[in-house]
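Engineer: Sequence:
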Amino acid sequence: MEHLTLVDGNSVMFRAYYATAYPGAVLMQTSQGVYTNAVFAFVNMMDKILEQTNGHILVAFDTAHPTKRHEKYQEYKAGRAAMPEELAQQIPLVKKYLDKAGIKQHEQIGYEADDIIGTLAKEASQNNIKVDVYSSDRDLLQLVDQNITVHLLKKGMKELDHYTPESLYEKYELTHHQMIDLKALMGDPSDNIPGIPGVGEKTAIKLLKEYETIENLYVHQDEIKGKMGEKIRENKELAYLSKDLVTINVESPLPFSYLETEKIKIETSDLIDFFKELELKQLVVRMANQNQNTLFKDEEKSDKKTDKSFSYDLILNDEKLNDIIFNHQEPMSIHFEFSEPNYHKAELWGIGLSNGENTYFIDPSIALNNQTFLNYLKNKEIEKYTFDYKAIKVFLMWHKKAIHTISFDMLLAAYLIKSSIGKEDFTTITSLFSSIDISYEEQIYGKGAKKGLPENKELYYEHIAKKASVIYKLKDDLLETLKDQNQLELLQKVEIPLSEVLASMEFSGLLVDNKELLNQKEVLEKRINVLEESIYKEAGETFNISSPKQLGDILFEKLNLSQGKKTKTGYSTNVEVLEKLKDEHPIIPYIMEYRQLAKLYSTYIIGISQSIFSDNKVHTIFNQALTTTGRLSSIEPNLQNIPIRTEEGRKIRKIFVAEKNHYLLGADYSQIELRVLADIANVKHLKESFLNNEDIHKSTAQKVFHVTDVTSEQRRQAKAVNFGIIYGIGAWSLAEDIHVSPKEAQMFIDRYLEIYPEIKQYMQDTVEFATENGYVKTLMNRRRYIPEINSKVFMQKEFGKRNAMNAPIQGSAADIIKVAMVDLFKYLEENDKKSKIILQVHDELILEVPEEELEEMKELVPAIMKKAVKLTVSLETSCDVGKNWYELK
DNA sequence: GCATCATGCAA
DNA sequence: TATTGCATGATGC
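In the working numbering, the protein residues as written are 17 to 905.
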């Protein structure tokens, strides 16, 4: 043994916790609500420390029991804030991690972690062993000697300061022997060590440079003049008590010696399982990679390993492919592996096929040119199981090929069981539902710019085949769960059919008018240039207007405008702040206009240009398994956030046009979320208003303000409350929104809940349901889990409550339009209509309709939307047509 | 090259 | 200190 590492467990844990627990932060936690942020950061820190160790390591902890220091000084560590519950809960987890990682840990009643570390460090040092100590507590600096280096963690945990006798001298001009005396003289508010009042670091260093020790200082106490001398003489006892308190006991009676600290060899899989339990995916991946690298060293192979317990057959020619299709007419799982997430332009890397017993990797270029295989895909009699059916369907559409009869999709099933899987990959989803061992994508293909097929082909052949086998193996379990949760219909009658609708929409795409696009681009460029000049002129210098930092400096330092809110990195320059400043300086209106135009230019003009395909269309991708509420989302480009609220922005919609001889038809649900609320909460007066076809915001205003004639301001305020209620609003935010005092806002809310008392009841009931069950559900039994609702952190619990109230409303509205889409698509297909659904924007559908079907569709589309779901209030729609999207008002 | 922040667009 | 999203440019590692 030549080296020993000692870690102050409590101190590192504190740092780990507070590195991510700034006020207002959402702490990392598992889906069951177990906090993991400190564990995660602790493991990261330990990983760094372990890189520097040589096999001997120990982590020391404090105990909750009082120590000798408390006996000597009752006030020791008094006044310290209690450890937050979220951190306390994680201590056992950190200890469990250390066990699993084979790292020795120790705590001892009556002693602090400092004492354990000090004793072991000095023992080792006396035997000429090099010691590294890790902590964030400066007290430990007194341990520094020729063999002992102390590393202090800094705030962000990213850097360490290390102290040797030399560096201590450089920093304080004191020897390491004087560190105890330094601390004793200065005191330490965090441990409630008194020190000598009035003596801080500067004075303490000066005194020690002259007198070396506290003892010697008091020998010469009478030489010191002035107030300082008085203080020193008066507080002799405090100084000695402080010295006693800060002195680490380097002779603690430990039940083992420094020699018995060797790291134990461990089963990596245990540790991986532990991280999986805590849903610490990054750590799982890192451990898996480390493990692989070790194996790679052991086996001295030129590549990563393949899994010997998994077998599959390689199908690389037509004969074999014909054979297996001939032999397998039973249901099988099929997986298409793509080179990138955007399947509109992805390459096909491979196909996996499995019936649970036999699993195959099929060469994609063979498959796509093999008629037997293509017939198999489009055979309506043979069931197939997939993971992300829509991707396969769209890819095949681009290649003019078909696939039919998907009776199970693992991605959609997993999403219905747990809507928070949205951003996870195949492997993580698999590990949530089974213990099947399957590599992470990045282990096989690498990540970021380096992503690509590995040189060792077997590696990805196996990976792709394995995915197919996993789909098959998990099918029954997932279906069972869905059945238990009454969600089978949601999968089979809504989500899987919807995949086909969305595939058709994405593949159809939306035509772009290039001339209009270029024209708007030029107009915007010119206007932005002019604005830039005006802004620079007003500012007296050029700077990057798009940089909130630089803009903040100009506005609030150079021009001395009154700053409003701050962000955590500096001044806020958002539109609300600018709005308040707009009369203070002529630069402000220019900046506001610049912001608006720059947004339109970069996000909509440039952004959308980059997504146009060679057919002059944009082909978005609707993510069907992402949002926690059941809504869709749209990417590349996002066609669900095209501007509409300002005329300036709305013009962007002129870019999107119907094909020749076609019209765009837009139909949207009116007030669908309020109608859903009226239905599920059984809100009497709200239902009446809907029944009478009233302007809902107006009638709310009439009731809230006790008036017959509603001013436009009153209507606007009532509308804000109607919206706010759906989101679980608080008085403070409503006040911000409608520019009244929080008191008035609270009054509005109270009045509102008096008028619609069932809403209040609904909210209470929903929160109660979520608290008991951990989830809420929609009309069609879609679930959203809300672990935060049982959090002890106020803000998180409140967030949980708002989600509990909002998710069923937003989610049910999503259910309804999804059903409408499936119904409408089916009608169009069965009746051989040429009209096509091309977009969905949460409560509206946009179709591309040939001229000859226009009149029919104006009737049909709203009709189908209205009767998608039967509620106790009617669903109403409005409908518009135009040659471009702008004309759909 | 990648992650994070501030900002702003939609329902 | 209102719900759900996505894309952007700037910035820092």
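Hints may be right or wrong, so weigh each one.
Claimed, not checked - Calculated cross-link-like contacts (lysine to aspartate or glutamate; reagent style EDC-like; alpha-carbon spacing at most 20 Å):
id, residue 1, residue 2
1, Lys849, Glu814
2, Lys120, Glu67
3, Lys882, Asp859
4, Lys252, Asp286
5, Lys116, Glu231
6, Lys574, Glu541
7, Lys434, Glu471
8, Lys850, Glu814
9, Lys247, Glu226
Claimed, not checked - Cβ pair distances, simulated, as ranges:
id, residue 1, residue 2, range
10, Gln762, Thr79, 45 to 53 Å
11, Ser894, Glu867, 50 to 58 Å
12, Asp323, Leu469, 13 to 21 Å
13, Lys281, His415, 46 to 54 Å
14, His178, Gln612, 46 to 54 Å
In case anyone wonders, no lab produced these hints; they're calculated from the structure. From the three backbone atoms N, C-alpha and C, an ideal C-beta is built for every residue, glycine too.
Engineer: Tell me if the beta carbons of Lys281 and His415 are separated by a distance inside 46 to 54 Å.
Structural biologist: Given range 46 to 54 Å: holds, Cβ gap about 52 Å.
Engineer: Check the hint pairing Lys850 with Glu814 against an upper bound of 20 Å on the C-alpha distance.
Structural biologist: violated (49 Å)
Engineer: Can the restraint linking Lys882 and Asp859 be considered satisfied, given a maximum Cα separation of 20 Å?
Structural biologist: holds (12 Å)
Engineer: Does the Cβ-Cβ separation between Ser894 and Glu867 fall within 50 to 58 Å?
Structural biologist: violated (21 Å)
Engineer: Would the hint linking Lys849 and Glu814 be met if the CA-CA limit is 20 Å?
Structural biologist: Cα-Cα ~49 Å, so violated.
Engineer: Is the Cα-Cα distance between Lys434 and Glu471 20 Å or less?
Structural biologist: violated (36 Å)
Engineer: Hinted pair, alpha-carbon criterion (20 Å max): Lys116, Glu231. Please report holds or violated.
Structural biologist: violated (47 Å)
Engineer: Please work out if Lys120 and Glu67 have their alpha carbons no farther apart than 20 Å.
Structural biologist: It holds: about 16 Å lies between the C-alpha atoms, which stays within 20 Å.
Engineer: At the C-beta level, are Gln762 and Thr79 separated by a distance inside 45 to 53 Å?
Structural biologist: Given about 48 Å between the Cβ atoms, the range holds.
Engineer: Cβ-Cβ distance between Asp323 and Leu469: within 13 to 21 Å?
Structural biologist: holds (18 Å)
Engineer: Between Lys247 and Glu226, does the CA-CA distance stay at or below 20 Å?
Structural biologist: holds (17 Å)
Engineer: Using the beta carbons of His178 and Gln612, state whether their distance is inside 46 to 54 Å or not.
Structural biologist: Holds, since His178 and Gln612 (Cβ atoms, about 51 Å apart) stay within the stated range.
Hint violations for this structure: numbers 1, 4, 5, 6, 7, 8 and 11, all remaining hints satisfied.
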